[in-house]
Each structure stands twice: as structure tokens, then as C-alpha cells.
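Take 1 as the starting number for the sequence shown in the UniProt record's numbering and just add one per residue.
In short, the hints are calculated from the structure, not lab data.
Check before you lean on any hint, since a few could be wrong.
Claimed, not checked - Pairs of lysine-lysine, PhoX-like flavour, derived with a Cα cap of 25 Å:
#1 K94 with K150
#2 K94 with K148
#3 K94 with K62
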Amino acid sequence: MSRKVVAFGIVAILSGAAALAVIWQFGANPGDATAIAQGRQLYTENCASCHGVNLEGQPEWKRPLASGRMPAPPHDASGHTWHHPDGVLFRVTKEGPAAVVGGSYESDMQGFGEMLSDEEIRAVLAFIKSTWPERERAYQAEMSSREKEKTQ
1 MSRKVVAFGI
11 VAILSGAAAL
21 AVIWQFGANP
31 GDATAIAQGR
41 QLYTENCASC
51 HGVNLEGQPE
61 WKRPLASGRM
71 PAPPHDASGH
81 TWHHPDGVLF
91 RVTKEGPAAV
101 VGGSYESDMQ
111 GFGEMLSDEE
121 IRAVLAFIKS
131 TWPERERAYQ
141 AEMSSREKEK
151 TQ
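All chains, full assembly: derive it from the sequences and hints.
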């Protein structure tokens with residue numbers, strides 16, 4: 001194997017690890033009052049029309065729509081958002097669910113990376129997380145910690 005190929009592989013691996021490290025820094029802090037206030041406003045403007053004003057999601061969110069796509073899930077404690085680590089939540093919000101689920105998954109949710117800055121995405125996630133009971137926040141924090149450990 002040539003030195004160029006090996007060097008390119010090392011750069012690619014390091015770049016991927018750096019990109020993952022950057023994603024985890026976007027773990028929203030549900031205790032940051034400024035971020036929560038900003039996130040609430042951004043959620044109202046960009047997310048509530050599908051995910052509900054009270055984060056309740058669309059009716060029958062576990063069953064496919066006539067289009068075959070899944071309805072918007074709730075982001076409150078009754079949904080599954082808190083089951084996902086920070087890196088996944090950030091990436092789904094920024095790039096859309098297909099970026100994480102892959103394959104032929106189709107969703108009505110677009111990625112918001114071109115509409116919201118990384119800081120604004122963090123704020124929306126901080127708002128969502130601030131609404132969860134302590135048990136769900138603790139579980140999600142543990143999932144995020146495990147996710148981060150896997151890349152170190």
C-alpha cells in the first residue's frame with residue numbers, strides 16, 4: 001500500500017472523529033435559561049406546526065400515514081426523543097431523519113441545517129430537553145455519555 005493511501009486513510013479517520021466530536025458538543029443544556037427561551041421561540045416558528053405546540057406530536061404517530069411516511073412524533077416525555085443521544089438528535093435536526101436512519105427511509109421532516117445555525121439547533125434541543133421530567137433527562141444524558149465514550 002502506498003504511503004499516500006495510508007496517509008489519506010489516516011486523515012479520513014481523524015476527520016470523521018473530529019466531525020463526531022463536534023456533533024457531541026451540541027448536546028443541549030436543559031438548564032441554560034437563555035438557550036431555552038431562544039429554543040422555545042425557534043421551536044414555535046419551525047417545529048410546532050408538525051410536532052405540536054405542546055410537543056405532543058401528530059395523532060397516531062406510531063402508524064404510517066396514507067403516504068407511507070411516519071407522522072411527526074411527540075418531543076415530550078410520551079415520545080421517543082429522549083431515548084436518543086445528543087449526537088443523534090443534533091444530526092436528525094440538522095440533516096433530517098434519513099441522515100441517521102439511512103436506506104430508503106422517507107420523512108416529511110426536512111433537515112434544518114440551512115435554516116438554523118448550529119447554535120439555534122442547540123437552543124431548540126435545550127428547550128425540548130427542558131420539558132422532560134428528571135427521569136427522562138437522566139436517561140438521555142446517560143445515552144449521550146455512552147455515545148461520547150464510544151468515540152474517545
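Each hint tested on the structure:
A hinted pair counts as satisfied when its Cα atoms are at most 25 Å apart, and K94 with K150 qualifies at roughly 22 Å. A hinted pair counts as satisfied when its Cα atoms are at most 25 Å apart, and K94 with K148 qualifies at roughly 19 Å. For the proposed pair K94 and K62, the alpha carbon gap of about 23 Å is at most 25 Å, so the pair holds.
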